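K.L.:
Sequence:
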Amino acid sequence: MAKYFYTARDATGKKVIGSEDVPSEDELISRLQAQNLIVIDVSSAYKEGVVEPKAVTEKREQTKIKFHSKKGHGRVTTQDLMLFCRQLTTLLGAGVTILKSLDIITKQVSSRKLFEVIKGLQKHMEAGLSLHEAMAKFPKVFSELWVNLVESGEASGNLPVVLNRLASYLERNAAFKAKIISALIYPCILLVAGTGALLFLTIKIIPTFAEIFDSFNVTLPFITLMLIKTSDILRKYLVVFIVIVVSGYFTFRQYIRTPMGRRQWESFLLKLPAFGDFYKALLTERFSSEMSTLIESGVPIMYALEIVERSVGNLTMGDIIKDIKEAVRDGKSLNKPFDDSGFFEPMVTQMVSVGEEIGELPQMFKRINTFYQEYVETALARFTSMFEPLMLVFIGGVIGIMVVGMFLPIFKLTQMRG
Numbered sequence: 000m001a002k003y004f005y006t007a008r009d010a011t012g013k014k015v016i017g018s019e020d021v022p023s024e025d026e027l028i029s030r031l032q033a034q035n036l037i038v039i040d041v042s043s044a045y046k047e048g049v050v051e052p053k054a055v056t057e058k059r060e061q062t063k064i065k066f067h068s069k070k071g072h073g074r075v076t077t078q079d080l081m082l083f084c085r086q087l088t089t090l091l092g093a094g095v096t097i098l099k100s101l102d103i104i105t106k107q108v109s110s111r112k113l114f115e116v117i118k119g120l121q122k123h124m125e126a127g128l129s130l131h132e133a134m135a136k137f138p139k140v141f142s143e144l145w146v147n148l149v150e151s152g153e154a155s156g157n158l159p160v161v162l163n164r165l166a167s168y169l170e171r172n173a174a175f176k177a178k179i180i181s182a183l184i185y186p187c188i189l190l191v192a193g194t195g196a197l198l199f200l201t202i203k204i205i206p207t208f209a210e211i212f213d214s215f216n217v218t219l220p221f222i223t224l225m226l227i228k229t230s231d232i233l234r235k236y237l238v239v240f241i242v243i244v245v246s247g248y249f250t251f252r253q254y255i256r257t258p259m260g261r262r263q264w265e266s267f268l269l270k271l272p273a274f275g276d277f278y279k280a281l282l283t284e285r286f287s288s289e290m291s292t293l294i295e296s297g298v299p300i301m302y303a304l305e306i307v308e309r310s311v312g313n314l315t316m317g318d319i320i321k322d323i324k325e326a327v328r329d330g331k332s333l334n335k336p337f338d339d340s341g342f343f344e345p346m347v348t349q350m351v352s353v354g355e356e357i358g359e360l361p362q363m364f365k366r367i368n369t370f371y372q373e374y375v376e377t378a379l380a381r382f383t384s385m386f387e388p389l390m391l392v393f394i395g396g397v398i399g400i401m402v403v404g405m406f407l408p409i410f411k412l413t414q415m416r417g
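Numbering (numbering that gives the first Met the number 0), first residue to last: 0 to 417.
In case anyone wonders, no lab produced these hints; they're calculated from the structure. Any given hint could turn out to be false.
As the list claims (entries may be wrong) - Derived pair list, reagent style BS3-like, types lysine-lysine, alpha-carbon separation capped at 27 Å:
1) 335 <-> 365
2) 321 <-> 335
3) 106 <-> 122
4) 176 <-> 139
5) 324 <-> 139
6) 139 <-> 321
7) 203 <-> 176
8) 176 <-> 112
9) 118 <-> 14
10) 335 <-> 324
11) 279 <-> 321
12) 176 <-> 365
13) 331 <-> 279
14) 178 <-> 203
15) 122 <-> 139
16) 139 <-> 118
17) 136 <-> 112
18) 136 <-> 178
19) 411 <-> 203
To be verified - Each pair of labels, with its calculated beta carbon distance range:
20) 322 <-> 261: 16 to 24 Å
21) 122 <-> 199: 26 to 34 Å
22) 403 <-> 261: 22 to 30 Å
Owing to the predicted nature of the structure, the values given are computational and were not obtained by experimental measurement. We treat Cβ as the ideally placed atom computed from N, Cα and C, and that holds for glycine.
Build out the structure end to end from the sequences listed, making use of the hints.
P.N.:
Listed below in structure tokens is the structure:
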């Protein structure tokens, strides 16, 4: 056991200073995190007036490297980035320098990949790069939105404020995605379970009944013959069917990765009845969310449109944003290209127009975002409330037909012998 001194901050930002006898520095950090404390600094008792032996220093560094090489996962998740952003916001807000903040976070991060990325950020910043320039070196981890917001925060001297907005944006998006996924889980389970049950009955149960019916010297009802024929075809060509479906899936996936294929697929989705409106609402929600965050953080509107054009994730909407950007560059107000696009609802166009006139564009985009989040959640709730009973009725109806088809010959034989 060794004595370690620590400095941390609680949830309210109050500084907490203390010491504990623990086996290692990592053990102390784990204990402090369990108490919801953000660790700012940890030092051993050697630093209190006695020079720490070189062997002890080397051992501690080796333990730290070994600890991070074993723990966590090998990719950076949204949850990792949210926590990183919140920790960096708290530390910078407490007056800790960026490099020191990054060093503190490396001692607490649970993701091996993020640990390596933060170490990379430190290395680039020590070489003279700013934080946003260092983040730009890791495009697979930090999106263009991240880089530009951090650049805006560095330029304005309000990096903690901007990071706080970014953390809020990430948390809102994560919560929104979680709601969508949770709404779709049960319908998907129902669909898979129902399909599995129907396949089991068709491939396993019906052939068993067919063998029994062969011993009957009776003419089988039409429905029974159709079920047996369907079962025979499915069993005979099941492997071929699976190969065709899998091959078709991968071929389709490769096709929609091409610019032309992706554009055609996205255009098709937008034109679908009912789903097209839902998909359009999803895109508008994402667009308004990113625009409100960027403009509120001080990013110029032209630059914000350019960033969102590349990050919105839909080529059709990307083209629309490009047209809006060109119109603004030509000196036109925002509401005109919004209206001309034919993509956005009149409500969106009017709110953007009002926001532009009164100088509250970020707030208007935020209200648009809130509206469309609620719209999507309501639409999903309606879909699941309709899909579940319809799916149950369909599966129940098909199984009912199978049961009737299989037992009709037995009833017929019983009547003949009676």
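K.L.:
Take the hints in turn and mark each one as holding or not.
P.N.:
Evaluated hints:
1. Only pairs whose Cα atoms come within 27 Å are accepted, and residue 335 paired with residue 365 is accepted, the gap being roughly 20 Å.
2. Between residue 321 and residue 335, the direct Cα distance comes to roughly 14 Å. Compliance with the 27 Å bound is thereby established for this hinted pair.
3. For the suggested pair residue 106 and residue 122, the alpha carbons sit about 16 Å apart, so the restraint of at most 27 Å is met.
4. For the suggested pair residue 176 and residue 139, the alpha carbons sit about 20 Å apart, so the restraint of at most 27 Å is met.
5. Note on residue 324 and residue 139: the hinted pairing holds, with a Cα-Cα distance of about 26 Å set against a maximum of 27 Å.
6. In summary, the hint linking residue 139 to residue 321 is supported, as the alpha carbons are separated by about 24 Å, within the 27 Å threshold.
7. In summary, the hint linking residue 203 to residue 176 is not supported, as the alpha carbons are separated by about 39 Å, beyond the 27 Å threshold.
8. Proposed proximity of residue 176 and residue 112 is supported: the alpha carbons are some 23 Å apart, at most 27 Å.
9. Distance hint between residue 118 and residue 14 is fulfilled; the C-alpha atoms sit about 26 Å from each other, no more than 27 Å.
10. With a CA separation close to 11 Å, the supplied pair residue 335 and residue 324 stays within the 27 Å bound.
11. Only pairs whose Cα atoms come within 27 Å are accepted, and residue 279 paired with residue 321 is accepted, the gap being roughly 17 Å.
12. Restraint check: the Cα-Cα separation between residue 176 and residue 365 comes to about 17 Å, which is no more than 27 Å; the hinted pair holds.
13. Of the pairs offered as hints, the one joining residue 331 and residue 279 holds, with about 25 Å between alpha carbons and a cut-off of 27 Å not exceeded.
14. At most 27 Å may separate the alpha-carbon atoms for a hinted pair to count; residue 178 and residue 203 exceed this at roughly 38 Å.
15. Distance hint between residue 122 and residue 139 is fulfilled; the C-alpha atoms sit about 18 Å from each other, no more than 27 Å.
16. Annotation: proposed proximity of residue 139 to residue 118 holds, straight-line Cα distance about 16 Å (limit 27 Å).
17. Distance check on the hinted pair: residue 136 and residue 112 sit about 15 Å apart at the alpha-carbon level, within 27 Å; holds.
18. For the proposed pair residue 136 and residue 178, the alpha carbon gap of about 32 Å is over 27 Å, so the pair is violated.
19. The straight-line distance between the Cα atoms of residue 411 and residue 203 is roughly 23 Å, inside the 27 Å bound, and the hint therefore holds.
20. Distance hint check: the CB atoms of residue 322 and residue 261 are about 19 Å apart, consistent with the given range 16 to 24 Å.
21. The given range of 26 to 34 Å is broken by residue 122 and residue 199, whose C-beta atoms sit roughly 57 Å from each other.
22. Our hint of 22 to 30 Å for residue 403 and residue 261 is violated, since their Cβ atoms are close to 46 Å apart.
Of the numbered hints stated above, those contradicted by the structure are hints 7, 14, 18, 21 and 22, listed in ascending order.
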